[in-house]
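Chains Y, E, X, P and S, in that order, give the protein sequences. This note's numbering applies: residue 1 is where the first sequence begins, and numbers increase by one. This note's numbering applies: residue 1 is where the second sequence begins, and numbers increase by one. This note's numbering applies: residue 1 is where the third sequence begins, and numbers increase by one. This note's numbering applies: residue 1 is where the fourth sequence begins, and numbers increase by one. This note's numbering applies: residue 1 is where the fifth sequence begins, and numbers increase by one.
Just so you know, these hints were derived from the structure itself, not from any lab. For clarity, every value in this text was computed on a predicted model and none was experimentally measured. You can trust all of the hints, since none of them are fake.
Derived lysine-lysine pairs resembling DSSO-like cross-links, with alpha carbons at most 27 Å apart:
1) P:Lys358 with P:Lys134
2) X:Lys180 with X:Lys3
3) P:Lys120 with P:Lys134
4) P:Lys198 with P:Lys166
5) P:Lys364 with P:Lys144
6) P:Lys178 with Y:Lys135
7) P:Lys50 with P:Lys8
8) X:Lys23 with X:Lys180
9) P:Lys358 with P:Lys166
10) P:Lys166 with Y:Lys135
11) P:Lys79 with P:Lys103
12) Y:Lys135 with P:Lys120
13) P:Lys134 with Y:Lys135
14) Y:Lys135 with P:Lys173
15) P:Lys198 with P:Lys144
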Amino acid sequence: MSLNFSRDALPLLLVAVGALCLPLLGNDYYLGVGFTLFGWVALAQSWTLVSGLAGYISLGHVVFAGIGGYLLVLTWGAVPIWLGAIVGAVGAGLFALLVGLPVMRVRGPYFVILTFGLAEFAKYVVINIESVLGKFSRLLLGGPALQDLYWVMAALALVGTFSVVVVRRLRLGAGLIAIREDETAAGTLGVPTMRFKLIAFALSALLPGLVGAMFVLRTGYFEPLQAFDPIISFTIVTMAIIGGSEDARGPVLGAIFLVLLSELLWSNFPQVYMVILGVLLIGFVLFAPNGVSGLLDRLASRSLQRPGVGLV
Amino acid sequence: MDILLSGQLLIAALIIGSIYGLVALGLNLIYGTMRLLNIAYGDLVMIGGYVGYWLFTLAAISPIIAMLVAGVLTGLLGAALYFGLFRRQLSGRQSIERIEANSLLIFFGISIIIQNVTALAFSATPRTYNALDSLVQIGEISITQSRMAALLVCLGLSIFIVFFLRLSPLGLSIRALIQNRTASQIVGIDVNRVQLFAFVTGFALAGLAGALIGVTEQISPFMGFPFTIVAFVVIILGGLGNLAGGLLAGMLLGIIETYGVALTSANLRSILIYGVFILVLVLRPEGLLQKRRMT
Amino acid sequence: MLKVNRISKSFGGIRALSNISFKVPERAIFGIMGANGAGKTTLFAVIAGNQLPTSGEVWLNERRLTGLAPHHVASAGVARTFQIVRPFRGLTVQENIRIAFSFGSGNRSEANQLSETDLLSFMGMERFANYLAGDLTLSQQKRLEMARALATAPQMLLLDEVMAGLTATEVQDLIEMIRKMRAELGITVMIIEHVMGALMTLSDQIMVLDHGQKIAEGTPSSIAQNPDVQSAYLGVA
Amino acid sequence: PSGAADVKIGYSIAKTGLFAPAAPSQINAYNLWAEQVNARGGLNIGGKEKRKIKLVQYDDQSSPGNAVRIYEKLITQDKVDLLLSPWGTPHHFAIASVVERHKFPMIGSTASSVQLRSMKPGNIWFTTAAIPDKLAAAMVGLLKNAGVKTVAILTNQLPFGQENKKFLMPALKAADIKVVVDSDYPPNIKDMTAILAKVKAARPDAILALAYPGDSILYMNKARELGLKAKFQYVMVGPAIGFWRGMFKNAASGIVTLGHWSPHGENARAQAFYAAYLEKFKEEPDYLDSVEAWVSTEILEQAVAKAGLDKDKLRKVISTSNFDTIIGRVQFDGVQNAVTPTGFLQIQDGNIHIVWPKSRATAKWQAKPGWK
Amino acid sequence: MQVLHGVDLTVQPSSITALVGGNGAGKTTTMRMLAGLLLPKSGTVMYQGKDITTWDAAKRVATGIALVPEGRLVFPDLSVEQNLRLGAISPSARPHTANRLEQVYSQFPRLRERRRQIAGTLSGGEQQMLALGRGLMSRPKILLLDEPSLGLAPMMVDQIFETISGLTSNGMTILLSEQNIGRALKMASQAYVIENGRISLDGEGWKLAAKPEVQRAYLGL
Ligand SMILES: Nc1ncnc2c1ncn2[C@@H]1O[C@H](COP(=O)(O)OP(=O)(O)OP(=O)(O)O)[C@@H](O)[C@H]1O
Ligand SMILES: Nc1ncnc2c1ncn2[C@@H]1O[C@H](COP(=O)(O)OP(=O)(O)OP(=O)(O)O)[C@@H](O)[C@H]1O
Ligand SMILES: [Mg+2]
Ligand SMILES: [Mg+2]
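Kindly generate the complete structure, drawing on both the sequences and the hints.
Put into structure tokens, the structure is as follows:
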């Protein structure tokens, strides 16, 4: 099985080359943009594992980032920072395993809103824990420098992209796609549906756990309303849709497009940039209904036939 | 605790429940029928709020009239969006496959535009006004006129719409359209008309509810999101496209919000609401009232 | 090979299957007929693990299938097609088959070493390899169902009305193909069909269901002569 | 020399999102300041020259993470000369490490928490006196003065409310004031009937609603509906904002709230600010946010007049000098305002007066008249 | 992809016209085009002298053209009775709903038995009956039947074909596509054989059935 350029190599290259080039621009601003960009790439790739491949659209993916961030905060001072971040990732993964069993039985739009509710539920549980602990917001002084955070986040983006490339090539990936297309048929063909869904859900929680920890380190501040902000979930989904394909390419293209676009807009049109952004989003759907990847494919117009999903 | 038995608490539960029910009803018409993820829905509520505010502040027009104006305005907006954007999206074979995803983007855009244009026009400063604020005394219960109006209008209107759609061919057409577009066309449903109806009614209900809500809460350009969320939670809880289920779910949330809080602690409000929501879905993966298929 | 013991299945008040027992020997072609709503598809669903029976058991060789999840039944070597087709619409024909290949029973017998392309040509579907399954006609989708089931390398194949919608000539081709499947791949077949001629020529043994009850079982000729079957099914008074 | 380039002063603020409703009070103050300074010929830079101010403003969408990026951009990309602060405690905390890393001094404004004392001093300072531990002590003083023996406490779950409660509880206990109802509630609460019915049944002398603007409206409506009669009713955040008082008019009479500024005192600067704000925006300034923001500009202006734009000099001047502001003299001890006493305001006949501490009071505290 | 190439066919009133052909020949595509679900790339559809090429499906149903689609397409989460009621949803048919419902129930007693069952849980054949019943509910002038006997037991098939003949004698016009080609040709006054999207043969039904090439290709003789 060879590497498909546009599907696998392109996104990996984009992330790797981007990660190496951004620091050359030489100031904190670009590192900051890069940090954000790679954070979104990692989040969107993780989301793709369960929502893109298996078709279980999660609108509550922020919950894993929130949990990761919170565990980092709880272990702050008790264990080394990076270990705390790993604890965050593992915690997020375990949480996914724990709730996955009941939650992954719910389908379609019900699942979408259920995941949203789950994230809100977790948010308010954390708020109440914090309030019982007598901590209302946490200030974490003395975290790592931006440079370090940048490299870690770039690595996470690369790992996320790589994981989508790899999973798609595994039996796991084929099984997840089958589940997305028709879960009953998939089961009957021998796909262990529940197990695969759980694995995908747990896998898709790990990286966000780390990303959430990085977000906390970046601001040095933790507050549940911010850490579990549902806008983060919405943005992940938006990026994936804009990217437009459920392989590793979609999230990368979507994240680049949205991050660059809003970066350009807010710095050039600070007063009205949100309105412009709104107009562009609508225009985007009208003129590129299949996302950035669809647009690229059309430009390259490699095949006249509609391509399948490409399980190579 | 005698608080639990007080009429005051009951009426509070009914008011919240009926507002949730009405707001969700409108969204149900749009998401349920066409699978359009209208996350700008709460922003229509906000528009209704501003209409009420300005009509009262500038012309001393009562919220009862303003609510009709707001409904008409947002209804027209719905018609404009339908003809301008969605009719085409809903009729192409390719675009219908991605309709859920793409409608999310479109409405995300619309939401951003509505919020920010409002903020540019009226500033983000919150607004409030006092209309219909004299107290009505019913036995030991006292309640402001505005909340009384909200209760009567929301409950009355929701029940009316639910029954109307249950009994009329239009309602059956909507339910058919929810399940299968092609089959709906085959039996001769004028898909375009049904969709337009759903758009206009759904949007109008949001605006109308907004004018009522605006009397009791502060209005700001960014107040809409929580309403969007509540509406989605309610329609899923009640079963997608199931209008009566949505009304019931709205009431259920109203009751949890008041009685749940009275029994435990206000801190637990959201935990209770989302907890019940999650529990219901885990036990009944297709919502409270959905008949379950066994295959 | 397959042993079904006193299976019953009710949906609310409807008894779709009552006390059905039968055995299917290895390498048999076992036909099932019965009026609409007699419970045939439900029987398949119970065997394949898509539905739990209200009571009764299903055994494959020495293995109890009842209560197993569908994917376990699949890996035990039982594959089914769906009467109301469920192809992976967004994937190409080839991808549909590839998925079945990578899951399925896992233990491919010597005889059942068909490659993906072999399988496509065996089923006469090479031409459609790169079509999206959703773009196929209904009868092509039925054939895809079959190809996909076959790709799981089953010991036992449950075919639910795969001949519906075919012309007489196409039916004859398909009969040949099913015979070949048994001969070359050693597969045991259970087949539901309303196309009587096909069922009669194909089956070694036929079971007849009526309102969830088994009313007859025997060779095609004995079934054809059975008066109960004639009145319940063929409408011959 | 005239014709010198503008002084670029940058800041980020929540123009959209959760905190957007709070931002205009602060933005107005900044704009008014820039306008006034430019009308005076520009910002006095170290006594050597005057340069016009050009404000560079970005929207952080209410996200502290965005604020961090914006301040990095302002410093490293836009190369602004000076910084103003964003809105809100989380944003101040989030950008503290940025100004620290770039050694770029900034006067904070709308942030309050005991945790701000743990910030490294040197590049960030906070003007507010309304820090929860100080507030608790002052509140107990006011309550005793008002003859309160029992209180009901209702607390919003947001950090500021919680922190205030944390310090209030022991202080009340020490002062022998009994807490008869203690109820927390979440920021997105939609109905307070259950809580307030409990309060009504307990008949406390005082109700302390540690509320934010949104839920304070719920409180007011419901309290009125239920006819709560406590003589002392405190609504923490909200009443200092113009629209809030406009909404409740007479019903708001007697409500006590957080704040240590009033235009009614002797301070000439305060009166001038009040008049200019009212004139320009046709509404009263927010007694908290507009005021804190304005104070930060006053300090910045005076510091620049002494030190010029050199960061090291500026840092030194800010940490050591005395500033003359609309809340009186301000001097910093570490990161915090060491001078201004914590206070409370009360709405009386449509005006807001400082009623505590006595030393700065512009009117005496009065029992809340009934709900109109 | 182009599926049909210059298909010309005429359906005479009050008669049965058969459209036969192999797997993938283009029958369903033709039917869907006539029902208004697909737009032709070129060419026109005339009905009673009017050009209805651009009419949408609803309008066609309202003027009396109804389709019983291949693959049933019932409304899976609605009850049997609601499905049937929807068959008469178009304004012209609505007033007669109760009447027609009774007729359909007497034709398909199984549907009456299961009137409250959710359509998605019906057996394959029961769903096919439901689709037929739904098509009859609007009492169309032209009924487009795409493989109406699909999945039905022989007894039921006989009954269906009887019904179809009965309908024409009451003045209904029928276009029938059927895998049971021998039977379809026997019933049809006019028949078209479609192959790879082109009409290859046409003529009276019984005459076509007698042609050797038809017998070889489709009747398995
Ligand atoms: N989930 C269900 N709820 C209620 N009834 C059901 C359900 N599933 C199946 N049935 C009923 O059980 C009976 C048996 O259905 P089944 O699909 O097994 O029939 P079948 O023999 O395959 O018929 P056909 O030849 O029409 O395909 C039918 O009458 C059907 O309506
Ligand atoms: N949406 C589509 N996209 C691409 N090709 C299609 C599409 N729909 C149908 N086709 C192709 O058009 C051809 C004719 O299809 P059609 O469904 O009309 O055949 P049919 O005569 O009804 O066949 P059957 O007897 O199998 O039902 C088939 O080869 C099919 O693969
Ligand atoms: Mg069946
Ligand atoms: Mg066909």
